[in-house]
Every structure is written in C-alpha cells, then in structure tokens.
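Okay, here's what each chain looks like letter by letter:
2 protein chains.
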Amino acid sequence: MSEHAAGSPAVQDVYPDDVAHCYGCGRLNEHGLQLKTRWDGDETVSVYTPRPEHTAIPGYVYGGLVASLLDCHGTGSAALAGYRAEEREPGTEPPLRYVTANLTVDFVAPTPLGPPLEARGTIVEVKGKKVVVEETLSADGVVVARGRVVAVRMPEAMASQG
Amino acid sequence: MSEHAAGSPAVQDVYPDDVAHCYGCGRLNEHGLQLKTRWDGDETVSVYTPRPEHTAIPGYVYGGLVASLLDCHGTGSAALAGYRAEEREPGTEPPLRYVTANLTVDFVAPTPLGPPLEARGTIVEVKGKKVVVEETLSADGVVVARGRVVAVRMPEAMASQG
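In the order they appear, the protein sequences are chains A and B.
Counting along the first sequence from 1, when you hit position 105 you're at 105 in UniProt numbering, and nothing is skipped either side.
Counting along the second sequence from 1, when you hit position 77 you're at 77 in UniProt numbering, and nothing is skipped either side.
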C-alpha cells in the first residue's frame with residue numbers, strides 16, 4: 001500500500017453510526033473484522049490480517065473469510081466511487097452506503113494463513129444507484145483470489161431500521 | 001428440515017481430524033461456525049443460527065456470513081455427492097474432502113438476523129474431481145440468497161500440510 005493510501009481516510013470511518021455495525025467492516029462492531037477501505041490513486045485498497053482461527057485446513061485461510069473481505073471491500077469501494085462520482089468528499093452529506101447484490105469469487109490459489117491480505121479494487125461501472133467493482137486479493141504480493149461485486153445503494157427501508 | 005435429514009450423519013463429522021479445522025464447518029474449530037451438512041433425500045441441507053454480532057446493519061445478517069454458509073455448504077454437499085457417486089457411505093476410506101474453486105452469491109433479499117438460516121443444495125454435476133452445487137439460503141421459509149459453488153477435490157499437497 002502506498003503512503004498516499006495509508007494517509008487517505010477510510011470510508012468506513014465516515015459511515016453514519018446507524019450503518020456502522022457490519023461484522024465485516026463496521027467500526028462499531030467490536031467482534032468484527034473492522035475492514036478499512038481507502039483510495040490508492042484510482043484503485044481502492046483494504047488490508048486485513050486473519051486471526052489464527054480463520055483456518056480452512058491448518059496453514060490456510062478459509063474461503064468464507066476471503067469472500068467476506070471481497071464483499072466488504074466491494075461495498076466500501078462502491079461508497080468511495082459514489083462520492084467521487086458526485087465530486088464530493090467521503091463523509092459529506094448525504095451519506096452513501098451500499099449493499100451487495102451479487103458477489104463472485106474465484107479462488108485462484110490456496111490463501112496462506114499468516115501474512116496480511118490486501119484487497120484491491122477497480123471501479124468498472126458507476127451508473128445510477130449501482131457500482132461494479134473488480135477485485136483481487138493478494139498475500140505476499142501473490143494473487144490468491146479474484147472477485148467481482150455488484151453493489152447497490154442501500155434501500156432507505158433498511159437504513160431506517162438501524 | 002425433515003426428520004430424515006436430522007437423523008442422517010453430517011459429512012463434517014466424518015472428515016479426518018487433519019482436515020476438520022475449517023472456521024466455517026470444522027468440528028475441531030472451537031471459534032468457528034461448525035456448520036453441519038446432511039442429505040435430505042436428493043437435496044443437501046445445513047442450518048445455522050447467526051450470532052448477534054453477525055450484523056450488516058442492525059436487524060440484518062452481513063453478506064460475508066451468507067457467503068461463508070453457502071461456501072461451506074457447497075464443499076460439504078460436494079463431499080456427500082462424491083461419496084454417493086462412488087456408492088460409499090461418508091466416512092469410508094478413502095476420505096473425500098473438497099475446496100471451492102468458484103463461489104457466486106445473489107443476495108435476493110435482506111437476511112433477517114434472528115431465525116435459523118437453512119442452506120439447501122442441489123447437485124447439478126459430479127464429474128471427475130469436480131462437483132457443482134446450486135444452493136438457496138432461506139430464513140423463515142423465504143429465500144434470501146441463491147448460490148452456486150464449483151468444488152474440486154482438495155489437492156493432496158494441501159491435505160498433507162494439515
């Protein structure tokens with residue numbers, strides 16, 4: 001991750017409190033993964049170091065975590081893209097929050113358990129309430145999974161439950 | 001779930017110890033979800049009740065858990081299908097264990113947090129080392145997600161790391 005990315009704000013840190021409880025990326029979920037997603041130039045990046053129990057078989061990360069990271073990296077990337085498309089900074093009003101409509105994961109190689117996992121996203125479409133993100137997940141610089149997320153703006157009815 | 005399904009053995013209970021640590025479905029992972037997958041006639045079924053912290057926004061289940069359940073239900077279903085294709089009971093030698101090559105999830109409706117979630121699988125292909133499973137995930141009888149898993153026999157090199 002470049003210094004630029006490390007210095008830019010994580011979109012999850014500006015989610016309104018009532019939509020900041022996601023197990024994967026909510027800053028208010030103390031049990032969760034607390035994924036953070038930032039711009040790095042025209043790509044988005046999130047880094048997560050799995051816990052020892054996140055095993056598939058000993059030595060490898062289970063697929064559900066890989067899918068979870070790509071899912072939340074996708075919705076975080078979609079929010080960043082939504083703000084950029086509106087030429088606004090993340091955190092300005094009104095807030096943008098996305099949910100996943102479709103997730104596809106190709107498990108390219110076994111994911112070693114130990115090193116930080118870096119998700120990178122490329123925004124391939126921003127159209128109305130829909131954002132499409134193509135992603136890679138890498139360990140030690142080697143791509144272990146490829147993902148694609150179709151994200152849509154969170155329905156008002158969902159957010160108002162929060 | 002029918003009484004038949006409840007009475008049939010879960011495939012995860014006969015995985016060899018060295019491949020029974022998966023966070024999603026390993027009986028030896030004390031922190032994990034411990035998903036159990038059984039036959040119910042020609043369908044496979046797994047049931048899991050999310051923990052309170054598995055939120056997306058309050059009141060709903062986060063997508064990563066939905067993906068995790070469909071992923072592990074897929075590999076468990078693949079193992080059951082592999083044994084059946086060889087006209088063997090789960091747990092007979094040699095053991096069959098699968099990993100996911102591709103996972104697709106369509107999030108059909110928001111998943112309520114509270115009721116048990118039931119994953120059901122239909123085996124659509126068993127060919128060599130590959131099994132394809134089409135899945136639904138339901139809450140209170142309503143389908144909230146559809147999934148498709150392409151599973152392949154676990155490479156010997158992975159299992160021997162265990």
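Treat the hints with care, as some may be off.
Each pair may be met inside one copy or between any two copies, as identical chains are not told apart.
The calculated SDA-like cross-link candidates involving lysine to any residue, where the alpha carbons are at most 20 angstroms apart (straight line), are [to be verified]:
#: 1; residue 1: Lys129; residue 2: Pro110
#: 2; residue 1: Lys36; residue 2: Glu134
#: 3; residue 1: Lys130; residue 2: Asn29
#: 4; residue 1: Lys127; residue 2: Pro58
#: 5; residue 1: Lys130; residue 2: Thr104
#: 6; residue 1: Lys129; residue 2: Tyr83
#: 7; residue 1: Lys129; residue 2: Pro115
The hints are simulated quantities; they were obtained by calculation from the structure and are not laboratory data.
Because the structure is a prediction, the values reported are computed rather than measured.
Evaluation of the provided hints:
1. Lys129 / Pro110: between (34 angstroms within a copy, 17 angstroms between copies)
2. Lys36 / Glu134: Classified as within: same-chain Cα gap 17 angstroms, cross-chain 32 angstroms, threshold 20 angstroms.
3. Lys130 / Asn29: Classified as neither: same-chain Cα gap 26 angstroms, cross-chain 38 angstroms, threshold 20 angstroms.
4. Lys127 / Pro58: Neither, since 42 angstroms and 27 angstroms both go past 20 angstroms.
5. Lys130 / Thr104: both (16 angstroms within a copy, 18 angstroms between copies)
6. Lys129 / Tyr83: within (12 angstroms within a copy, 45 angstroms between copies)
7. Lys129 / Pro115: neither (35 angstroms within a copy, 30 angstroms between copies)
Hint check: violations occur at hints 3, 4 and 7; the rest are consistent with the structure.
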